[in-house]
Amino acid sequence: MKRRQVGWVFAGPALLVIAVFFALPVAAGLALSLTDFDLYALADLSTLRFVGLDNYLRLLQTPLFWQALFNTFYFVAVGVPVSIGLSLVAALLLDSKLARFHSFFRTAMFAPVVTTVVAVAVIWRYLLHTRYGLINQALDALGISAIDWLGNPYWSMPAIILFAAWKNFGYNMIILLAALQAIPRDLYEAARVDGAGTFARLRHITLPMLTPTLVMVGILSVSGYFQLFAEPYVMTQGGPLRSTVSVLYFMYEEGFRWWNLGNASAVAFLLFVVIFTVSWVLMRFDRDPEGTR
Amino acid sequence: MQRRGALRRIGLGLGAGASVGLAGCTRRPDPRGPLEFWAMGREAEVVAELLPPFRQRHPGIDVRIQQMPWTAAHEKLLTAYAGDVLPDLCQLGNTWIPEFSALDALEPLDDRVAASSATSGINRDDYFSGILETNLMPAGDGRNVLRGLPWYVDTRLLYYRTDLLRAAGHARAPQSWAEWRDAMAAIVRRAGGGQHFGALLPLNEPEPLLALAFQQGDVLADGATRGAFSREPFRRAIGFYAELFHGGLAPAMTNTQISNVWDEFARGMFAFYISGPWNIGEFRRRLPRERQGDWATAPLPGPNGPGVSTAGGSSLALFKSSARKDAAWKLIEFLSETATQQRFHALTGNLPPRRSAWADPRLANDAPSRAFADQLERVHPAPKIPEWERIFQEMQATAERVVRRTQGIEAATVQLDAWVDTLLEKRRWLLARGGR
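Chains A and B, in that order, are what the protein sequence lines are. With the working numbering, letter number 123 in the first sequence gets 123, and the count goes up by one each step, no holes. With the working numbering, letter number 101 in the second sequence gets 101, and the count goes up by one each step, no holes.
What the hints contain is simulated information worked out from the structure, not anything from laboratory work. It cannot be assumed that every hint is accurate.
Here are some of the chain A residues that sit facing chain B, going by a computed Cβ distance under 8 Å [what the hints assert, rightly or not]: (1) 36; (2) 206; (3) 257; (4) 258.
Backbone N, C-alpha and C fix where the C-beta goes; we use that ideal spot for every residue, glycine too.
Construct the entire structure; sequences and hints are all you get.
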């Protein structure tokens with residue numbers, strides 16, 4: 001009995017913090033999403049009405065919400081593989097014995113992660129500039145005509161993906177690099193004795209040994225990428241033609257531009273459901289089908 | 001105060017991912033501290049240059065100017081209201097006045113203006129009435145209350161190529177829709193089609209269509225509680241608008257798709273451009289020298305003769321929460337003086353809302369500006385409801401679908417009205433229960 005009380009005493013402060021800063025806001029947000037809290041309610045709380053699931057039902061009939069969801073899925077479906085692929089390649093290069101200046105490159109490739117989005121977004125806006133941008137000048141040198149990256153609705157999302165992948169790949173690279181270095185070297189040696197080439201070793205040793213880390217990195221990236229907000233907010237304000245409105249950006253507009261906090265909370269919970277479902281599906285991948293682990 | 005406390009607790013709920021929290025600390029208003037004045041964009045940069053005479057006259061009043069970008073100003077103001085940290089006075093886009101009136105955040109100015117007319121010559125009748133009208137908000141008892149004082153005005157009219165119009169056989173700027181359409185058709189015919197158009201009406205700008213709509217009638221019905229977009233007047237306006245695109249007289253393009261509007265205007269891609277006063281300066285700066293004699297401005301054509309246009313611009317507003325209202329009013333008074341407004345115009349190109357300020361030879365003798373003075377006598381205020389800004393954006397999204405032929409006018413306007421009616425449901429409910 002006493003032991004148990006001691007346990008509560010130790011866990012208490014942490015639980016209190018979680019309750020106040022996590023459980024309570026989430027419960028309040030859920031309650032808010034069942035009301036029509038808006039500008040009028042902000043002026044006079046007596047105009048607040050309980051509307052049940054109306055916010056959710058109306059959202060499901062809002063074309064812009066679906067477009068935001070589509071844009072977000074597009075961003076996740078392309079951005080996550082690109083970003084993890086980049087991380088993996090960078091980690092393999094850094095892990096290779098052939099590479100020189102390991103610590104310099106490790107630091108250089110990790111640098112974008114620790115810079116602020118807003119500052120680098122400004123630089124990327126210059127890079128992506130239709131007429132004077134470096135990227136278009138490079139394309140021009142290859143004989144490809146200029147692309148209006150941030151002004152053309154078909155190219156705006158690829159531009160955002162490029163930016164986000166560049167900004168984030170360093171973080172996963174560090175995690176993958178740690179996992180690579182934890183693979184026992186004698187496995188490679190044994191494979192080499194058996195006559196396995198570089199690609200066979202990569203395919204049959206490196207990738208299987210990395211799978212748990214890759215899944216973890218994948219889940220973290222997916223849930224992070226679903227929360228796309230700062231990039232379109234800084235670079236395109238959701239445009240052109242709403243092509244870079246993400247779910248979170250849509251929520252921000254509902255909540256802080258139009259001040260429909262009830263609606264905005266409902267969007268937040270719908271996004272939570274989406275992220276939860278996708279992460280759950282990804283977790284299933286982690287179960288080794290052959291049961292060897 | 002208790003209400004705000006409860007609000008903040010509710011506000012906590014939206015923490016998830018939002019970068020803007022409801023402000024955490026409440027500033028105690030200090031009646032002796034500096035005046036907090038929030039302004040936007042270019043105006044905020046320039047206003048400090050206007051202040052030296054004010055400082056001389058009122059050495060005891062210290063003014064602190066806070067600069068906000070236009071893109072973030074609206075959110076910042078609403079968040080400041082929720083967090084109870086509003087400034088003393090503010091530059092407020094006049095379409096935002098209904099919103100902040102609904103929040104009951106704006107100090108009525110009627111008495112202060114009346115008192116000032118004796119001492120400093122601020123006179124309500126001196127303001128363009130359509131612009132002043134945007135600052136008058138209905139109060140509970142049916143009276144109209146002045147919630148802001150216009151600082152500068154914005155309306156849309158025609159910029160056009162005089163040489164192209166003349167060459168196409170039209171001696172004067174078009175006055176009516178029919179005349180305008182004929183002129184555009186003649187210009188396109190003469191240029192031989194291709195990349196030549198009559199007018200540029202950027203698809204991402206709702207103002208041109210709204211001006212055409214106001215020329216036909218109201219866009220909202222039943223005391224601004226329902227949409228009137230599917231009714232005859234708006235259908236005529238959007239019909240004319242869409243016809244320009246479908247008939248090849250206007251390109252279906254957004255502003256961002258044309259890398260340089262001024263270059264294209266100089267090159268003759270289009271002969272008419274609906275835009276606002278800031279472009280007078282831009283045209284002078286950006287058009288090549290040999291084109292400077294070939295452009296002019298003219299009031300907007302209407303269905304049968306000169307028509308109304310939109311009534312935009314910014315006002316100066318005083319917040320109820322201010323502890324230094326008298327000092328803040330002195331600043332508004334100073335910024336509204338004819339001399340200050342003329343200096344403001346010289347610095348920014350913003351057009352003054354007071355007729356007396358237009359006596360300045362720099363305005364009175366300036367042909368492009370004179371068309372604006374003419375248009376300002378015929379401006380129509382936007383519906384004064386907090387939801388307007390959103391309806392305005394949705395109207396343009398609807399128009400874009402019609403122009404791009406993904407929807408017919410009939411279906412699109414019916415759909416827009418249904419959307420507006422849903423949006424205004426709360427407003428109808430509030431009116432029915434006799435609230436604000």
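To see whether the hints hold, each was checked on the structure:
At about 6 Å, the closest approach between the beta carbon of residue 36/A and any beta carbon in chain B falls short of 8 Å, and the interface hint on this residue holds. Among the interface hints, the one on residue 206/A is violated; its C-beta lies about 35 Å from the nearest C-beta in chain B, farther than the 8 Å criterion. Given hint, residue 257/A at the interface with chain B, holds; its Cβ is 6 Å from that chain's nearest Cβ, closer than 8 Å. Of the supplied interface hints, the one on residue 258/A holds, with its beta-carbon coming within about 6 Å of a beta-carbon of chain B, less than 8 Å.
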